[in-house]
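A.B. asks: I would like the entire structure built from these sequences, with the hints used as guidance.
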Amino acid sequence: MLKIFISLVVLIFSFSSLSAQITIETERDSDGNVLLFAVNPTKVPYSVILNFSQLQNMTTPGGGNVTAIASPGRSKVATLKPTLAGQGTNYRYAYSFAKGNVYGKTKIDPIYLIPVAEGTPVKAVLNNNISNTLNKDEKDNSYVGISFIFEQPTLIVAPRKGVVAEMKMDYATDKENLNFSAEENYMEIYHEDGTITKLTVLKSGSAKVEVGDQVLPGQVLAESAGDNYQHGPHVRMVNQRTEKNGPDKLKYTYFPVVFATEEGNIEIKELSDFTVTHPKEIITRELNKKELKSFQSGN
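Everything in the sequence shown is counted per my numbering, starting at 2 for the first residue and increasing by one.
Simulated from the structure, these hints should not be mistaken for laboratory data.
Note that the coordinates shown come from a computational prediction; the quantities given were computed from them, not determined experimentally.
Warning: the hint list may mix true and false statements.
What follows is a set of in silico ranges between Cβ atoms, one per label pair, in the way DEER data are often shown [to be verified]: (1) Arg-75 <-> Asp-32: 14 to 24 Å; (2) Gly-64 <-> Ala-173: 45 to 55 Å; (3) Asn-34 <-> Asp-214: 32 to 42 Å.
Here a beta-carbon is modelled for each residue, glycine too, at the ideal position from N, C-alpha and C.
C.D. replies: And the structure:
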């Protein structure tokens, strides 16, 4: 029997986490311009802020702070142009970066599938912020995602179209009665609107996709885990976007999303019971013509 109470914690995403390092390279062209390129070794875009502490006889379209998107590979993120020809130039800068596209937008309001195999009965529970466990004197009710709890192990699926940005799938433990582990297996999916979905508590070695793969809504990603947790098998899901935090800093913000359920498309705000449904109109609403044709031929 499923327990109706759950106290979960979610670690705040760190800018110095497992994410690969974005590096900056410079070149000078024949006109004396300095070109700055971001080298991004990952499969998804990153947001970059260049903070110029010195610009001697040089200008940029963004002034002292330039925000740009580092696409996978090598891409130009800024151009420094001499102000006066024939005069000396100099510059100095620092930079910061965060996974995701700070300028990302969506053509339609996205609707997410519950990331569990269709037909599975689940309980949806709002996650508890880790700060409430570390500091019990003050309550932090900020949104940190949702847990979907089920009785039997099942398959975990993509809640929305995207690209597999990162994963860790090598954690296995014989510990029992767990409530949380910082080593849990996870996958991150980058969406074309610049946001990221993170799915946590996945079975070790069960990945059905690889980093860089494009996945479609409802596509199987991995098998569930959590059998050795106090509350049994479950998957945790949290969504984040990258935002500017002042002129020269970036931050990750968690935000709630709308799910497709038996009761319609809703934002889950309290303990709820559902039988997972994956409506075709939700699966196909972000697909391009080629993907839609492939989906229709397969169904």
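A.B. asks: Range first: 45 to 55 Å. Now tell me if the beta carbons of Gly-64 and Ala-173 are that far apart.
C.D. replies: Since Gly-64 and Ala-173 have Cβ atoms about 51 Å apart, the given range 45 to 55 Å holds.
A.B. asks: Quick check on a hinted range of 32 to 42 Å for Asn-34 and Asp-214, using CB atoms only.
C.D. replies: Cβ of Asn-34 to Cβ of Asp-214: about 38 Å, so the range 32 to 42 Å holds.
A.B. asks: Does the hinted range 14 to 24 Å hold for Arg-75 and Asp-32 at CB?
C.D. replies: Between Arg-75 and Asp-32, where Cβ atoms are some 21 Å apart, the hint holds.
Checked against the numbered hints above, the structure breaks none of them.
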